[in-house]
Amino acid sequence: MSDAYIVGVDMIKFGRFPEKTVPEIGSQAALLALDDCGLSVQDMEALYCGNLGQSSGMVGQRILQQIGQTGIPVVNCSNACATGATAFREAWTAVKAGLYDLVLAVGVEQMGRGLLGGAGGATGIPKEGLLGSGTMPAVFAEAGMEHSRKYGTTFEQFAKVSVKNHHHSTMNPKAMYQIETPLETVMNAEMISYPNTKLMCSVNVDGAAAAVIATESKARELGLMNRAVKVRASVLTSDPWQERDLVMPDVNTCTRKAAAAAYEMAGVGPEDINLVELHDCFATAEILHYENLGLCGDGEAGRLIDEGEVALGGRVPVNVSGGLLSKGHPLGATGIANIYEVSTHLRGEAGKRQVENARFGLTHVIGLGSACGIHILEKVA
Amino acid sequence: MSDKPLPAVDFLKIPDDGEPYLEGHKCQACGAIFLGVRNVCSKCGTRDQIEPMKLANKGSLYAYSIVHRSFPGIEVPYISAIVDLDDGASVKGNLINVDPDPDKIEFGMPIEVVYGDALGRKDRDGNSYLSYFFQPR
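Protein sequence lines, in the order shown, are assigned to chains Y and P. Using our numbering, you'd call the opening residue of the first sequence number 1 and step up by one each time. Using our numbering, you'd call the opening residue of the second sequence number 382 and step up by one each time.
Careful, some of the hints might be misleading.
[What the hints assert, rightly or not] Residues of chain P clear of chain Y, computed beta-carbon distances all greater than 12 Å:
| # | residue |
| --- | --- |
| 1 | Asp384 |
| 2 | Asp391 |
| 3 | Lys394 |
| 4 | Arg428 |
| 5 | Glu432 |
| 6 | Lys435 |
| 7 | Pro453 |
| 8 | Ala499 |
[As the list claims (entries may be wrong)] Incomplete in silico selection of chain Y near chain P, CB under 8 Å:
| # | residue |
| --- | --- |
| 9 | Pro126 |
| 10 | Trp241 |
| 11 | Leu246 |
Simulated from the structure, these hints should not be mistaken for lab results. Note that the structure is a prediction, hence the values are computed from the model and not measured. Every residue gets a Cβ at the ideal spot worked out from N, C-alpha and C, and that includes glycine.
The task is simple: from the sequences and hints, build the whole structure.
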């Protein structure tokens, strides 16, 4: 079984593009990824496309209608916020299976503004605000408060995540925002769902990212190994049964299960990882995942953020792209955008935010419902 | 239109003679408790051994969030709470009769389930609904 390599990868600058269509945004990213490795759509043997908002809309085919209808197989997939990672993983799976030598994965999303979450059923009466809240800021606030309950994690510690990620994004020209948000600004921002203020919620943006995956022999044949990134692990999990499942989505167990499998597949441990792009859909969530991914022991996440170990320059920088909190979170694109970020560091091309001497990087996404996707990537050249 | 309030959720039962209560469904093989009817246990996979049960009216606060921004038309702030009932079931709902202030809310605080009108919400046929709420005890 051949190893699989990322040979081309890129994303568009995240923003709001109401004048464009989903396939147009996806096409932009696809062309950027092809240009990154000097290949054309005629070289691609299959397309894996992730999109949530138009999941029945054949987005992958509509992308090819814009950039080249070559008749290749197209798989459209949706898996909540793990959609992009799932599309990438399906592409990787096909290459690993020996079906193809060169495949394209695209993740794309166009978002509205405002709160995401369940607004209640079609019959009866609305349940929001009657039986608690199904809004995403509240659901992830409750998950954070579970951590507070166990370990005494404070509002200030959660807020520091947002300070860090916004700071990182000032060095990322492809992030939605490049603004510093000091601690008092984050903590005094409009409270959405305690303890998540508005600046502790990810930004709804439009975006797309794409990657070209190749077998080792094809990458060598095309002379693309000098910037190639090796996919050391690709793992997808769903949520195993948990006692509070019906009322409190569990983002921890599926992440822990995926992390254990990914470290085993890659043959490395959390101590070998030089940077992480994890699913900071809300500041509360990032704290949980330090422990879920094994970056520290259980109960140590608060200390990790306090001591700057997860900031650029620290032991294991997390979300140097600015994360979902500041780079933005176009649901279906996020899983490939974070693969772009880690790959860029492993290639030594991340400019001011470069994590020095990065050899291994990890990407993580959670789709509520639930799906967890983890990839471990390694520098080649 | 019904002359009596309807239950806000299927697992809230309103007997003709007696007090309203929350109904769970318990797997007789592994003990997992579910809200709502099902035939197969998603914990252990056992089929056709799930029996209805009356859930406890007492429990304790597991986790919460104080919601200050919700969908348009929803009154804020309110406390969205996860409560562990004494029989092992977990239920989500509004925690009432406590200030929406983190200093006033304690993890593990004793809770009771109370029943009342669903905040004046009616369906498009004009029916009233009965809901459940959590309050400190």
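Problem - Hint numbers not upheld by this structure, sorted from lowest to highest - result: 2, 7, 8
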